[in-house]
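A.B. asks: Let's have the full structure, built from the sequences with the hints guiding it.
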Amino acid sequence: MARPDGPPLLLVGTDYRLAPLELRERVALSPAETEELLVALLARPAIGEAFALSTCNRTEVYLAPRDERDEETAYRELLDLLFLARAPELGQPGRLFVQRNREAAHHLLSVASGLESMVLGEPEILGQVKQAAGIAEQVGSGGPVMQHLLRAAIEAGGRARRETGIASGAVSLGYATVELAKNIFRELEQCRILILGAGETAKLVARNLLERGARKLTVANRTAERLEAMRRELPTIETLPFDQRVAALAGADLIVVATGAEEPVLTRRDLSAAMDVRGSRPLLVVDLGVPRNVDPGAAKIGNLFLHTIDSLQNLIERNLKRRREEVPKVEELLGRELDRFFSWYKSLDAEPIVAELQRQAEEIRKRELAAAYARFPAETHADLDRLTRSLVKKILHHPSARLRDVEGENTAARLAIARDLFRLDSRTDPTDGNKE
Amino acid sequence: METFLSVGVVLLPLAYLVVAAAYGFLFFSVPSKASRWATPALLGTLAFHLLYLVVLAYRWHQFPAATVAQALSIIAFAIAGVYALVEWLGRERSTGFWLVGLVFFFQLFSSLLGRPVPPDLARFKDGVIAIHISLALLGYTAFAIAAGYAFLFLQLYRDLKGGRFSTFFGKLPPLEALERMMLGALVTGFAALSGAVLSGILFAQREFPAVWHHDPKIIATAAIWLLYGAALALHRFRRWQGKQTAIVALTGLGAILFSLFAVNFFFTDFHGFL
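Chains as they are written, first to last, in our numbering: chain E, 1 to 436; chain D, 1 to 274.
What the hints contain is simulated information worked out from the structure, not anything from laboratory work. Keep in mind that this is a model prediction, so the values were computed, not measured. Certain hints may be false.
Quick list of in silico lysine-lysine cross-link-like pairs, BS3-like style, CA-CA up to 30 Å [claimed, not checked]:
{"id": "1", "chain 1": "D", "residue 1": "K161", "chain 2": "E", "residue 2": "K321"}
{"id": "2", "chain 1": "E", "residue 1": "K346", "chain 2": "E", "residue 2": "K329"}
{"id": "3", "chain 1": "E", "residue 1": "K346", "chain 2": "E", "residue 2": "K130"}
{"id": "4", "chain 1": "D", "residue 1": "K161", "chain 2": "E", "residue 2": "K216"}
{"id": "5", "chain 1": "E", "residue 1": "K182", "chain 2": "D", "residue 2": "K33"}
{"id": "6", "chain 1": "E", "residue 1": "K182", "chain 2": "E", "residue 2": "K329"}
{"id": "7", "chain 1": "E", "residue 1": "K182", "chain 2": "E", "residue 2": "K300"}
{"id": "8", "chain 1": "E", "residue 1": "K182", "chain 2": "D", "residue 2": "K243"}
C.D. replies: In structure tokens:
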């Protein structure tokens with residue numbers, strides 16, 4: 001009997017759109033908890049394969065029931081083990097999503113590509129999917145279906161980032177600062193960066209700059225304790241007394257100002273004097289303070305690029321708009337990966353026949369070879385073995401490929417003819433062994 | 001040979017237009033296979049252009065820079081060649097659309113002028129004039145490239161200054177790199193033009209001692225030389241920044257085109273060739 005178009009899949013989960021943080025954090029799973037859950041799920045007779053993904057924005061579990069009739073049981077067991085056990089409020093309508101088969105597979109590919117993320121196209125989710133796949137592999141909860149599905153998801157996620165603009169452009173204040181700097185300076189590594197302030201915003205920007213290769217980073221802050229705390233967190237930074245900030249302006253290429261000061265901590269005159277010393281070298285000043293920390297009049301100084309939270313927000317909005325425009329391209333790519341996954345599944349129909357054909361051919365080869373050995377000297381036996389193996393492999397290559405080809409027409413008829421022609425009679429399902 | 005030249009003069013601008021469009025797909029991030037064959041298409045067009053120039057030289061038995069049309073075609077070829085080299089060295093294709101676009105306009109103007117019969121000038125065989133013409137063409141090519149980078153510099157500068165991020169933002173080399181490329185081209189152009197002016201004076205002093213000072217072409221060229229020289233000096237001594245230099249680079253190209261067209265066609269006296 002022909003296999004259904006796709007494997008039976010069940011997805012149950014919740015995310016930032018359906019559940020507030022207080023519910024999401026109750027069903028969030030640490031790696032150890034994920035392992036425990038997967039082991040517990042596999043112990044249920046209705047469940048053949050399982051995979052769980054848990055991030056700060058989502059917890060979702062993918063199941064491959066042993067049979068379509070087991071789906072309801074699998075669903076109930078999952079709710080009892082995780083979602084309702086930890087957060088009964090998730091039983092309210094609209095708190096959980098449930099998807100099946102192709103829809104569930106598509107969802108995983110969308111997640112890996114960043115289409116389902118709170119910040120469209122954010123890059124971390126692909127790493128989280130890979131990590132979760134690693135846990136499933138370690139526990140042994142991913143059979144052939146889940147393994148192929150995860151491979152398709154990781155491939156789709158990687159291709160989406162490489163081949164489309166879904167992850168292009170900065171969408172946070174820190175990375176927007178990096179993006180601005182990269183549009184002005186040839187090498188961020190060589191840029192001398194001065195940060196005024198040691199609060200959360202300043203730390204975030206410093207961290208983003210260091211992540212993207214900045215090396216020469218100096219921080220000045222009004223309170224020495226906060227500055228010291230920042231230095232402990234980011235040991236590669238240098239520190240500077242706040243009252244020496246103006247003297248340091250001329251030597252800096254990028255100045256980020258994020259203090260809580262009510263008055264500007266950098267005046268137009270300070271910056272103008274610095275630019276006189278700098279000559280034709282450009283200077284990027286990013287003012288993240290509210291109220292503003294840099295005299296707005298400094299924007300008029302030639303070759304000085306002053307940006308505030310508003311202009312950074314413009315950049316972020318522009319990048320997000322571009323990412324949204326890339327969604328159809330990503331969807332197209334996901335469709336192709338999904339088709340490949342389902343083709344693989346369909347090709348499993350041919351596997352028992354191909355295996356039987358190869359087994360039969362191997363039997364004949366061995367029989368004939370045993371008879372031939374008597375007629376040939378012993379030193380030629382290894383060559384005979386190699387030669388016959390190669391012959392059988394080459395003869396069977398094309399028929400095997402044609403049998404596995406699910407794109408062609410009359411797949412079922414082709415398989416029936418092959419059974420008849422080669423007198424094959426196998427019903428073995430290669431995935432069955434793994435499901436046990 | 002005539003047929004080849006007649007077809008070539010029509011095909012060349014079309015070919016550069018197609019190449020520029022292919023780079024355009026790349027610049028505007030329009031998914032298309034065209035962006036993949038932009039570089040091979042450029043190299044193919046360059047090879048065809050080279051063949052065209054060789055045939056042109058063979059046809060008239062002289063270096064093909066005796067008319068404005070020929071000179072513009074040589075400049076177009078040289079800009080395209082320099083861009084191909086920059087792309088190969090820097091693995092940087094984002095400026096291709098704009099520089100090949102510039103090449104297209106030079107070749108288009110050249111082709112629109114047709115193929116006038118070049119004067120058979122005995123003076124073309126003179127070594128000094130050969131140096132003069134070669135340096136002038138090199139200088140014009142470098143200034144055209146500088147203007148291309150200056151245009152891109154000003155677009156990015158405006159985006160960064162105003163905090164309004166247009167299509168250019170994020171698709172070009174950084175501002176510092178654009179400025180450096182522009183300055184490099186300006187210095188090359190200025191050095192070559194200085195050599196062209198010097199060799200031209202030597203030649204004119206020998207051939208036209210009484211009249212050369214009053215020739216409009218020479219006056220225009222001297223003004224252009226002064227403009228670029230002043231811009232570079234001001235930049236060198238830190239009074240000018242990239243923006244001002246970029247504006248001069250664009251103005252300078254305008255002056256060169258004016259000199260090539262208006263002065264050459266309407267005003268010049270003995271400088272009747274290029």
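A.B. asks: If a hint holds in the structure, say so; if it does not, say that too.
C.D. replies: Going down the list of hints, with the structure as the test:
1. For the hint pairing K161/D with K321/E, the CA-to-CA distance comes to about 21 Å; that is within 30 Å, so the pair holds.
2. Distance hint between K346/E and K329/E is fulfilled; the C-alpha atoms sit about 26 Å from each other, no more than 30 Å.
3. With a C-alpha separation of about 25 Å, the suggested pairing of K346/E with K130/E holds against the 30 Å cut-off.
4. The hinted pair formed by K161/D and K216/E meets the criterion: a straight-line CA distance of about 24 Å does not exceed 30 Å.
5. In summary, the hint linking K182/E to K33/D is supported, as the alpha carbons are separated by about 28 Å, within the 30 Å threshold.
6. A threshold of 30 Å between alpha carbons decides the hint, and for K182/E with K329/E the separation of about 27 Å falls inside it, so the pair holds.
7. A distance of roughly 22 Å separates the Cα atoms of K182/E and K300/E; the hinted pair therefore holds under the 30 Å criterion.
8. Restraint check: the Cα-Cα separation between K182/E and K243/D comes to about 19 Å, which is no more than 30 Å; the hinted pair holds.
Hint violations for this structure: none, all hints satisfied.
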